[in-house]
Amino acid sequence: MLDLKGYGPALAEGAVVTIELAFFSLALALTLGLLGASAKLSGNRVLTGIATTYTTLIRGVPDLVMMLLFYYGGQVAVNALSDYLWETRGIDFFFQFDPFMSGVVTIGLIFGAYMTETFRGAFLAVDVGQIEAAKAYGFSRWHTFRRVMIPQMLRHALPGIGNNWQVLLKTTALVSIIGLTDMVRVAEEAAKAERMPFHFFIPVAAVYLALTAGSELFIKWLDRRANVGVVQGN
Amino acid sequence: MPDFIAEWLNQNDIFTAMTLMEYWDGLVTTVHLVFLSLVIGLLVAVPLAILRTVRNPLVSGPIWVYTYLFRGTPLLIQLYIIYYGVAQIPGIQETFWWEIFKEPLYPALLAFTLNTAAYTTEIIRGAILSTPNGEIEAAKAYGMNWLLRMRRIILPSAARRAVQAYSNEVIFMLHASAIASVVTIVDLTGAARNIYSRFYAPFDAFIFVALCYMVLTFILVFAFRKLENHLLRHQRPVNG
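Protein chains in written order, with the working numbering: chain X, 1 to 234; chain W, 1001 to 1240.
Some hints here could point you the wrong way.
[Unchecked claim] Stretch-level coverage of chain W by chain X, calculated; a stretch enters the list once three of its residues show a Cβ under 8 Å from a Cβ in chain X:
no., stretch
1, 1127 to 1134
2, 1207 to 1213
[To be verified] Computed footprint of chain W on chain X, listed as stretches where at least three residues anywhere in the stretch have a Cβ under 8 Å from a Cβ of chain W:
no., stretch
3, 52 to 65
4, 102 to 113
[As the list claims (entries may be wrong)] Partial list, computed: chain W residues near chain X (C-beta under 7 Å):
no., residue
5, Ala1141
6, Met1144
7, Trp1146
8, Pro1202
9, Thr1217
Quick caveat, the hints were computed from the structure, so don't treat them as lab data. Even glycine gets a Cβ: it sits at the ideal position worked out from N, Cα and C.
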């Protein structure tokens, strides 16, 4: 049996942190993606400009650099705000910008940009006739969006969401660099202390592999369900 | 030089010639590392991709395992395993390999190469598998054997289909290379981290380096668009 030298519980806790981080980031990314795609397709030039700037900026910068910027910069910004509020208004306001929060914000922002492209493509794949039909029924824009566009777009968006999720899951490992005690961090400390790198990193790699493999099956299942009633030409 | 730039240069004590040189050295390291791992990775990936399409599972199976493992786990862990793991191989410290691997650059290069080769193998495999059957039949009808078919028909046609996905992989690799700074390599990100800790100026240090990466990314995007236009010239509309 695998002997984890007493690091077993810490590694398990780290794995939970990794999964939590991934889910919170995914939620943020999906929200931003939906907003971004709606902005890009809104026809409003200002909104389209903002969304395009967002996706272009994000795709040009490495995830680690952005994470370092948010983590170190976030704290400096909070400190400055705290000083300002104290000096001008006498309000005592302070919070610690912790690695978990920086991780969720960074990963959410990055994958929000990718999700924007995914959702944009998916919205465009919805048959125009469906939207015309909704208009003919007197649906408002919001109603069309919620009742017609969203349900029909999801089927097209699923493969893209799945791919983004797989990459997102692996990106969570980076948060160990800014000091979050996820499983990579625990493994690194254990590996250094015990001088047994393979012993600790390979099980962690296996957990990631299990997570990505499990997700793959789950996404396939979701995809099958979403495409029930669609005749696929072969 | 416009006055406001001169004024700004006089006022700031972060972006002196010395720190700019540090960024420059970091840039050179990043480009060096990424370029080498991409070139070696591509050279490894082409034969692997061809073998991966062979029907014999004894040939394609191990390659599938390799790409699955390297694509299913974070690059950071692969880097840690190689960086910390190499020193633990019994007896390595007495061989000449140790001279090479005690520098952090080479474990990082190995990790990046293995990682990008895994992704590239799958990209090229996909392109090979989507070769139109008619092209292969035509080649067979001309009496080309497997090797000649691969060399003259399948690979050139696959390269055209792979270039789009490969450009994404190249940009991904450039961005992923930022983690080299974690194993004490002073690449672009490493330089930014040093400068950040010296001046405690996160915005200056990291936004500047983000701009550097952005410029590199856009150069790559531009170059690949040119390459794509060149490779897919025959598909352009007549009056396009």
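Consistency of the hints with the structure:
1. With a cut-off of 8 Å between beta carbons, the stretch 1127 to 1134 of chain W has 0 residues touching chain X; three or more are needed, and the interface restraint is violated.
2. Counting residues of the stretch 1207 to 1213 of chain W whose CB lies closer than 8 Å to any CB of chain X gives 4, which reaches the minimum of 3, so the coverage claim holds.
3. For the stretch 52 to 65 of chain X, the assignment as covered by chain W holds, since 8 residues bring a beta-carbon within under 8 Å of that chain's beta-carbons and 3 suffice.
4. Counting residues of the stretch 102 to 113 of chain X whose beta carbon lies closer than 8 Å to any beta carbon of chain W gives 0, which falls below the threshold of three, so the coverage claim is violated.
5. Because the smallest distance between the Cβ of Ala1141 (chain W) and any Cβ of chain X comes to about 27 Å, over 7 Å, the interface hint for this residue is violated.
6. The criterion of a C-beta within 7 Å of any C-beta in chain X is not met by Met1144 (chain W), whose closest approach is roughly 30 Å, and the hint is violated.
7. With 7 Å as the threshold, the beta carbon of Trp1146 (chain W) stays out of range of chain X, its nearest partner Cβ sitting at about 28 Å, so the hint is violated.
8. Hint on Pro1202 (chain W) holds. Least Cβ distance to chain X is approximately 4 Å, under the 7 Å limit.
9. Annotation: Thr1217 (chain W) was flagged as interfacial toward chain X, and the flag holds, the nearest CB pair being 4 Å apart, inside 7 Å.
Checked against the numbered hints given earlier, this structure breaks hints 1, 4, 5, 6, 7; the rest are met.
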